[in-house]
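Participant: Sequence:
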Amino acid sequence: VWDDWNKKHLSIHNVTIEEVEEVCHGKYKVTKSFRKRIMLVGKTKSGRRLAVVLSPEDRNLNIYKEEGTYYLITSYEKEV
Numbered sequence: 001v002w003d004d005w006n007k008k009h010l011s012i013h014n015v016t017i018e019e020v021e022e023v024c025h026g027k028y029k030v031t032k033s034f035r036k037r038i039m040l041v042g043k044t045k046s047g048r049r050l051a052v053v054l055s056p057e058d059r060n061l062n063i064y065k066e067e068g069t070y071y072l073i074t075s076y077e078k079e080v
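Using the working numbering, read the sequence shown as starting at 1 and increasing by one per residue.
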């Protein structure tokens, strides 16, 4: 789920929406993170290795009813 906050937050890390979606729809490794969140680590089409942190809850901590719906918390370049 995209909103003004997470779109703006991506720009701080020099990551684009398209890059996040490439990781989410490509091959990635998943690890559990803080408060039901998950972290995906994968590569963009251009080869950038990104961490993408997603939450099954919105910013008000309401759980999404539709399975597979996540709120982007952050994304950043991940060192090897």
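Just so you know, these hints were derived from the structure itself, not from any lab.
Predicted, not measured: the structure shown is a model, and the values here were computed from it.
The beta-carbon is built from N, C-alpha and C at its ideal position, and this holds for glycine as well.
Hints may contain errors.
Listed next, with one range per pair, are the computed distances between beta-carbon atoms [to be verified]:
(1) 14 <-> 65: 29 to 39 angstroms
(2) 80 <-> 59: 17 to 27 angstroms
(3) 64 <-> 7: 14 to 24 angstroms
(4) 12 <-> 49: 16 to 26 angstroms
(5) 11 <-> 34: 21 to 31 angstroms
(6) 60 <-> 80: 14 to 24 angstroms
(7) 80 <-> 58: 25 to 35 angstroms
(8) 2 <-> 61: 10 to 20 angstroms
(9) 25 <-> 76: 28 to 38 angstroms
(10) 26 <-> 2: 15 to 25 angstroms
Participant: Would you mind marking each hint as holding or not holding in the structure?
Facilitator: Against the structure, the hints come out as follows:
{"no.": "1", "hint": "14 <-> 65: 29 to 39 angstroms", "result": "holds (33 angstroms)"}
{"no.": "2", "hint": "80 <-> 59: 17 to 27 angstroms", "result": "violated (31 angstroms)"}
{"no.": "3", "hint": "64 <-> 7: 14 to 24 angstroms", "result": "holds (18 angstroms)"}
{"no.": "4", "hint": "12 <-> 49: 16 to 26 angstroms", "result": "holds (18 angstroms)"}
{"no.": "5", "hint": "11 <-> 34: 21 to 31 angstroms", "result": "holds (23 angstroms)"}
{"no.": "6", "hint": "60 <-> 80: 14 to 24 angstroms", "result": "violated (36 angstroms)"}
{"no.": "7", "hint": "80 <-> 58: 25 to 35 angstroms", "result": "holds (32 angstroms)"}
{"no.": "8", "hint": "2 <-> 61: 10 to 20 angstroms", "result": "holds (18 angstroms)"}
{"no.": "9", "hint": "25 <-> 76: 28 to 38 angstroms", "result": "violated (19 angstroms)"}
{"no.": "10", "hint": "26 <-> 2: 15 to 25 angstroms", "result": "holds (18 angstroms)"}
In terms of the numbered hints stated before, the structure departs from hints 2, 6 and 9, listed from lowest to highest.
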